[in-house]
Amino acid sequence: MPDLHKRFNEGSSMSSSRFIITVIGIDKVGIVAGITQIMAQYSVNIVDITQTIMDELFTMIMLAEIKEENFDLAAFQQAMSMKGQELGVEVKVQHEDAFRFMHRI
Amino acid sequence: MLIHPEEILETIKMVSNENFDIRTVTMGINLRGCSHPDLDTFNENVYNRIMYYAKDLVKTTNEIQNLYGIPIINKRISVTPISIVAESCVATDLSSVAQTLDRAAEDAGVDFIGGFSALVQKGMTPGDLNLINSIPRALASTRKVCSSVNVATTRAGINMDAVSLMGKIIKETAEMTRDSSGIGCAKLVVFANAPDDNPFMAGAFHGIGEPDCVINVGVSGPGVVNSAVRALKDPSLGDISECIKKTSFKITRMGEMVGREVARRLHVQFGVLDLSLAPTPAIGDSVAAILEAMGLESCGTHGTTAALALLNDAVKKGGAMASSSVGGLSGAFIPVSEDQGMIRAVQRGSLSLDKLEAMTSVCSVGLDMIAVPGDTPASTISAIIADEMAIGMINKKTTAVRLIPAPGTKVGDMVEFGGLLGTAPVMPVHKFSSETFISRGGRIPAPIQSLTN
Chain A
1 MPDLHKRFNE GSSMSSSRFI ITVIGIDKVG IVAGITQIMA QYSVNIVDIT QTIMDELFTM
61 IMLAEIKEEN FDLAAFQQAM SMKGQELGVE VKVQHEDAFR FMHRI
Chain B
1001 MLIHPEEILE TIKMVSNENF DIRTVTMGIN LRGCSHPDLD TFNENVYNRI MYYAKDLVKT
1061 TNEIQNLYGI PIINKRISVT PISIVAESCV ATDLSSVAQT LDRAAEDAGV DFIGGFSALV
1121 QKGMTPGDLN LINSIPRALA STRKVCSSVN VATTRAGINM DAVSLMGKII KETAEMTRDS
1181 SGIGCAKLVV FANAPDDNPF MAGAFHGIGE PDCVINVGVS GPGVVNSAVR ALKDPSLGDI
1241 SECIKKTSFK ITRMGEMVGR EVARRLHVQF GVLDLSLAPT PAIGDSVAAI LEAMGLESCG
1301 THGTTAALAL LNDAVKKGGA MASSSVGGLS GAFIPVSEDQ GMIRAVQRGS LSLDKLEAMT
1361 SVCSVGLDMI AVPGDTPAST ISAIIADEMA IGMINKKTTA VRLIPAPGTK VGDMVEFGGL
1421 LGTAPVMPVH KFSSETFISR GGRIPAPIQS LTN
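Chains as they are written, first to last, in our numbering: chain A, 1 to 105; chain B, 1001 to 1453.
Next up, chain B with everything else stripped away, as it sits in the complex:
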């Protein structure tokens, strides 16, 4: 037999015991041909365009899942940032576009649709402003739509007017989805250096420079890495890095195979494979557990940033060796509400918002799925965003903020979102005001690229 029985059983064990899965197959669809001054015509164009490409996405993905016996958890769609294609619309309220996206997502049978987005790192057009102002209504009136706003890049700097505005938008979104603990905010991300081809939600959109239609695949497997690291007997950190690298190699290979086959059958281009350790609420499927397997008593204690840096880098190295199409975010995610180990660390008092911020400087993405008290001022949320954007801008990496100021909650409460979004412990923020700093507005200039110390 070509393949050794032990290898066959290893693969089967990854799926049945260690929660290995293809996290998402995301179809990116270009909507630039849909523009029209009349909002109703525009909405119709958008709907038809999405259904034209996505009608067989779920069916094909399910076939591939059965063929290989590897679960594909989510099927998603990302579209061109709506602020760009809706720029020529006469109307200023774009929430009906979100409802159209929601309807298309429902009819195509996908879990989420991303791209109710704007890219405003240097300034805002009237279309961008219309879109951002529509976000709270859009997220309150839809179930599957995800929204993102890019407010900073390494080349443009940070648009502090947009940062200030987003603090208010996040508060307003939480308030408008008050009945479900502010869940609208779980579908809203603020980015620095947002990637064009990210298949993961809530930040996915179909970027400029992408083809007409593309399949991007997100693979995950914190549980697999966790088990592999724990199986090592008294390893050095070098051994751990080597083990993570090999494991992520295997995971990536599987993702690439699935992605290419889905793309081939749908007659569209294969884009990227995003290898991101994305935790789920399942036991053991946790990034915090991997860090603790390396020898930390509890995630968030001193040494956590170093351990996470090792993990993130080893994941990338394994992935880059396994596939030439690695892209998107690729690294380790640290969403608090979706990771049992992170939740426990917060409850034990070992993990704070400040430590999470430090961790985001060495891993992919940023302050993710963190609940803060409902009475947190908008300017404080903006200031948290500004800090995170600065880390992304200076370190030339993607960072993001997905905060939920859950209405009516205080520190220590638990906020339940359900499903993959999990349960968030409400974490404390600093009491001192950032109001004056945020209200100044303007732009933080792009950083110097030499004198790197």
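One chain only, chain A, in its complex shape:
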């Protein structure tokens, strides 16, 4: 059976350990500082970052890379969303494949 599943599910493993982090909410001082502070604590590296105001909402999108082998994603997600609540913004951490698969063939 293990051989079978390999054959059937070939090529489906995750392509990277890169995550898209989105921060959406009302603009105020200290959002970027607060969010990146948590990222530094978890040794999450920023590969790319973009920031705009969309529909009057502060929108920051980061492409982040995780280098550690035994990274605790759930703990990181929880820390990020708690920081978000503190700052009054919504923070999401999602694997980049979620977007790559939907928008790229």
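FYI, nobody ran anything at the bench for these hints, they're computed from the structure.
Computed spacing ranges between beta-carbons, pair by pair:
id : chain 1 : residue 1 : chain 2 : residue 2 : range
1  : A       : 43        : B       : 1298      : 49 to 59 Å
2  : B       : 1358      : A       : 55        : 39 to 49 Å
3  : A       : 42        : B       : 1246      : 34 to 44 Å
4  : B       : 1180      : A       : 88        : 40 to 50 Å
5  : A       : 54        : B       : 1236      : 22 to 32 Å
6  : B       : 1306      : A       : 42        : 52 to 62 Å
7  : B       : 1283      : A       : 48        : 29 to 39 Å
8  : A       : 48        : B       : 1321      : 25 to 35 Å
9  : A       : 70        : B       : 1419      : 35 to 45 Å
Note that this is a predicted model, so its numbers are computed, not measured. For every residue, glycine included, the Cβ atom is placed at its ideal position computed from N, Cα and C.
Following the hints, position chain B against chain A.
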């Protein structure tokens, strides 16, 4: 950045504002090795077999949900039709098997388990008959077990003895779950051309010809399609079709990614992706709303069948382009109780049972989650089933009936089921009798495959 910020925000909006979700990850488990003449041994085999494969299903699915940030609403299990694996049991009452399935579902942490089923399109074996007769007790004594009976196929015709029997079984099931408005019937489906790999409940079972264990995924997103269609400015119907196609493409891609990753981590085969627009009671997450977005004043009025045909076909085209593994039911569901727009249409008087029947000839599945008065005769329910089976048989498609003759209710009452099952308005049925026709029994022969007019 590889992915455009607008695309990222589009995906996030689908989830947070438009109720996009992976509706179900369903693990199909083969039980054929469990057969045993002694019912207790058989039950033990069934339980162990399910737990062997399903113990990590929920944990793994939750991990994937967090990884991608896409909600996975239900985790479910489907098993080989119990009538087949319990055929050699000496006992005739198989309700204890349902209780075993219920216990396994509870311990595995899944929402539903499907497969208390029989395939009787051409005739019934003693095992099939034992199973069907056990359905009312099985559904009354369990919470998570779903049952289905396939009574017709395009190749075999319609087994009218089974149709007649199912009318009585549905009535009996409603009566035995009278305290909760006949909710047992919400977990019982009668099929024509039932698919072997459908991940959606209540009709899921692990068909013959499937592997030992398989992951099938059901994706949904009527809310996403609804928003996309409504965002178009003065579109032609061609534009609408194009828009639905593109939207269902995106939804399907996401489902395929999730399904493959779950299967990979559980070391089992990935089966199919079922792209079905399955409405939920959430506002805007409605198939009726999509039809109304196309320009109909109220779902059920003239033009509804044409609009639904366009929708159903565009969904399939988008899905087929996005994944080579599209299967199951794939199309648009029209369960009345689970769709705010359908409920409103019934209350306004624009949607009748007869129109719903016509709609089922162009969309996936059939008369779904419809409450009828508690005093509806069994033969009338059988006749409604027979009509629906005929549509499936002739059109070479899956059709199904899930009716709830809610005890003590009359036309216009509302029946509350709670959760995803929603609220059903009790709809009128024809007063004229079908008794003699149904009591004749026998078989409606398989249809001719040429002279197609």
